[in-house]
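Trainee: The residues making up each chain are set out below.
Protein chains: 2
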Amino acid sequence: MPVNLNPPVAAQLLPVAGVSLGIAEANIKRENRRDLLVIQLCDGARVAGVFTKNRFCAAPVIVAKEHLDKADGIRALVVNTGNANAGTGEQGLQDARSTCAALAGLLGCKSTQILPFSTGVIMEILPVAKIAAGLPAAVANMSSDNWFYASQAIMTTDIVAKAISKQVVVDGVTVTITGIAKGSGMIHPNMATMLGYIATDAGIAQPLLQELVTQVANRSFNCITVDGDTSTNDALMLIATGKSALPEVTVAGSHAYGILLEAITEVAIFLAQAIVRDGEGATKFITVVVEGGRDEDECKKIGYAIAHSPLVKTAFFASDPNLGRILAAIGYAGVDDLDVAALQLYLDDVLVAENGGRAATYQEEDGQRVMQQSDITIRVVLNRGHVNATLWTCDFSYDYVKINASYRS
Amino acid sequence: MPVNLNPPVAAQLLPVAGVSLGIAEANIKRENRRDLLVIQLCDGARVAGVFTKNRFCAAPVIVAKEHLDKADGIRALVVNTGNANAGTGEQGLQDARSTCAALAGLLGCKSTQILPFSTGVIMEILPVAKIAAGLPAAVANMSSDNWFYASQAIMTTDIVAKAISKQVVVDGVTVTITGIAKGSGMIHPNMATMLGYIATDAGIAQPLLQELVTQVANRSFNCITVDGDTSTNDALMLIATGKSALPEVTVAGSHAYGILLEAITEVAIFLAQAIVRDGEGATKFITVVVEGGRDEDECKKIGYAIAHSPLVKTAFFASDPNLGRILAAIGYAGVDDLDVAALQLYLDDVLVAENGGRAATYQEEDGQRVMQQSDITIRVVLNRGHVNATLWTCDFSYDYVKINASYRS
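From first to last, the protein sequence lines stand for chains A and B. If you use the working numbering, the first sequence corresponds to residues 1 to 409, in order. If you use the working numbering, the second sequence corresponds to residues 1 to 409, in order.
No lab work stands behind these hints: they were computed from the structure. Hints are not guaranteed to be accurate.
Identical chains share a label here; the pair holds if one copy fits it or two copies do between them.
[Said to hold, decoys possible] Simulated crosslink set (DSSO-like; lysine-lysine; CA at most 30 Å straight-line):
#1 Lys-29 - Lys-53
#2 Lys-402 - Lys-29
#3 Lys-65 - Lys-166
#4 Lys-70 - Lys-53
#5 Lys-301 - Lys-402
#6 Lys-53 - Lys-301
#7 Lys-243 - Lys-65
#8 Lys-130 - Lys-70
Kindly produce the complete structure, drawing on both the sequences and the hints.
Mentor: Structural data, given as structure tokens:
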């Protein structure tokens with residue numbers, strides 16, 4: 001079960017002026033499942049995004065990037081689950097384009113004004129006819145109050161839907177931000193089988209919106225890992241409709257930009273952490289903090305070495321303070337001149353290791369106490385600089401293997 | 001159970017002139033277990049080794065390197081299981097030195113002529129008194145016929161002991177090579193919780209012996225991975241006693257060197273593969289071949305991305321040809337200019353993917369057939385150069401989690 005993560009409450013998800021959402025059953029992989037989502041945007045809405053860096057990126061990722069580059073003004077996003085349209089070659093590109101064309105026909109816009117997204121099994125041909133057949137129902141379903149159902153429609157192996165709203169006052173104007181995300185496996189920095197859609201009614205100019213979404217991703221979705229696998233399909237999209245009374249934000253250093261950056265990042269961190277809390281088979285949510293490094297690169301190297309280690313992750317699953325495994329991971333992280341005798345390792349508030357070994361004050365029962373918690377912080381203090389990094393991950397359980405050994409069946 | 005790996009047969013393990021081995025019960029972690037091994041060498045025997053690159057390397061690794069650097073002539077190696085003496089700081093160094101001193105006292109040599117090795121739990125203090133108390137029995141047990149028992153004494157979570165002998169004729173002289181190894185988890189390139197000891201009665205000069213063991217490791221132990229964790233304690237030691245009639249080998253390019261390199265590499269590959277076949281929870285032995293790369297680095301990057309992917313490994317456990325997961329791993333391996341449309345992916349003889357997607361000829365039942373096997377080869381043909389690399393790994397099962405969630409209890 002997800003670790004300290006409640007499902008969203010429909011009434012707490014706020015509409016974003018200029019955005020409406022329609023859901024339908026397209027029977028893509030299974031019958032009787034809402035597996036198709038259309039997000040329609042008002043005229044003048046702006047969209048920016050960050051995508052997977054996987055070289056085998058999926059066809060919809062390629063097409064979405066092309067369409068964003070055209071800058072024709074995006075009018076809608078279409079998302080299907082049940083099939084990732086990845087590893088599908090030339091046919092996959094045609095299928096992603098056909099999906100856009102079908103929706104463009106219904107909405108009376110150009111194909112290039114549609115962004116396609118897919119998630120699900122890789123290397124199977126996208127059933128475009130089913131999607132095209134489902135689109136009219138999705139369009140007919142369109143409402144600004146559908147965020148809750150949209151968050152459910154994009155789930156794959158997720159147990160709990162992920163959605164949140166936040167309001168913030170900028171220069172006297174109340175601005176709304178609502179976001180949804182999906183993903184629970186194949187989660188790694190530079191995106192994951194992770195789809196995230198965040199919309200605000202603030203107006204934010206291009207290319208500032210692109211800069212904003214990149215900053216947001218680097219502090220949220222790019223700081224999580226479940227299993228180290230980077231998906232072919234990941235995307236985080238940020239929509240700014242400009243429907244609020246706030247004047248369009250055009251300068252990165254402005255007061256309004258700063259408030260929006262913090263608020264949108266907060267929404268994104270909630271969604272990113274929710275993905276880890278719902279990580280496949282997760283029983284513990286682990287925050288890895290690496291402090292006092294010379295640069296972000298070495299902090300992240302050490303953080304990811306810990307967060308990816310199957311030995312560390314299984315020890316946390318067992319609630320076993322086998323903390324030498326964390327030391328081993330720090331040691332092989334690839335920071336060649338690391339002085340292991342100079343660092344401290346903490347488990348929450350408990351000093352575990354210093355001077356290259358077990359801390360004199362460390363008692364096994366203190367480690368055991370922290371390991372019983374469902375939220376745990378591993379803190380490594382390197383004492384060689386002033387840079388910090390924080391990552392979020394989960395443990396590694398029988399259920400991870402079970403879910404991934406049977407995902408297709 | 002280990003994948004296609006039989007236990008060694010005592011009668012097939014050949015003594016190596018100049019090497020004798022003694023085993024004892026020292027009650028290090030448990031009672032009634034042979035957990036202490038002494039390997040005594042004749043005068044004039046030479047030793048070289050490669051060690052873990054983990055910055056948190058264990059105390060015995062540090063001391064063994066120091067003693068090798070002294071070049072006083074190594075007279076014995078001492079190996080304990082049950083405790084890794086890693087993450088033990090200054091106390092750990094003292095303990096490793098005390099162990100050497102105790103054995104040196106019994107053998108009448110200097111401490112610096114002893115190499116210490118430990119394997120087992122990290123971050124617990126080595127019970128030196130127990131080891132010192134066990135050493136006389138190990139010395140009394142000394143015999144050149146003890147390779148079989150030695151291979152058993154160094155096991156930790158291993159299910160099957162790993163040992164092999166080989167004879168080869170060099171310039172008319174029969175040379176014997178016998179090797180043992182242990183390890184089944186925390187296995188990664190640049191060594192693993194892996195200890196390997198290979199001895200030959202050939203004479204090989206220093207520093208040529210060091211060059212030889214490095215070449216051997218790069219083609220064997222540095223090509224395996226179980227879980228991507230690199231241990232604090234790994235070591236591969238190569239002993240050349242010079243007791244055969246073969247003149248000492250002094251030149252890397254010589255005929256004798258070439259024959260010995262191949263024969264010792266063959267022994268090392270057997271032992272390295274045995275470690276993977278006995279990988280924690282393994283049900284399948286997977287060979288990953290990456291062909292047609294521009295350099296070894298990119299071939300290994302792609303090979304390890306596949307071999308480390310929990311999603312790929314769980315799919316193999318499930319015998320599910322969910323081969324898109326392999327494409328995803330190739331895509332995120334970090335080869336930035338990789339043209340995914342130019343490569344082919346094979347599962348044994350079955351062409352699975354080409355032109356960026358599923359091969360037109362690929363039938364799911366062909367993939368299914370190969371996935372039922374216990375030995376499987378994944379072959380990636382990059383078509384961008386002439387360099388190849390081969391790695392060996394195993395799948396990821398419930399039992400991996402079970403073993404590592406309960407190792408200390």
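Trainee: Indicate, hint by hint, whether the structure satisfies it.
Mentor: Each hint, compared with the structure:
{"no.": "1", "hint": "Lys-29 - Lys-53", "verdict": "within (26 Å within a copy, 47 Å between copies)"}
{"no.": "2", "hint": "Lys-402 - Lys-29", "verdict": "within (20 Å within a copy, 33 Å between copies)"}
{"no.": "3", "hint": "Lys-65 - Lys-166", "verdict": "within (28 Å within a copy, 58 Å between copies)"}
{"no.": "4", "hint": "Lys-70 - Lys-53", "verdict": "within (20 Å within a copy, 49 Å between copies)"}
{"no.": "5", "hint": "Lys-301 - Lys-402", "verdict": "both (29 Å within a copy, 27 Å between copies)"}
{"no.": "6", "hint": "Lys-53 - Lys-301", "verdict": "both (18 Å within a copy, 16 Å between copies)"}
{"no.": "7", "hint": "Lys-243 - Lys-65", "verdict": "within (25 Å within a copy, 68 Å between copies)"}
{"no.": "8", "hint": "Lys-130 - Lys-70", "verdict": "within (28 Å within a copy, 74 Å between copies)"}
Every hint from the earlier list agrees with this structure, and none is contradicted.
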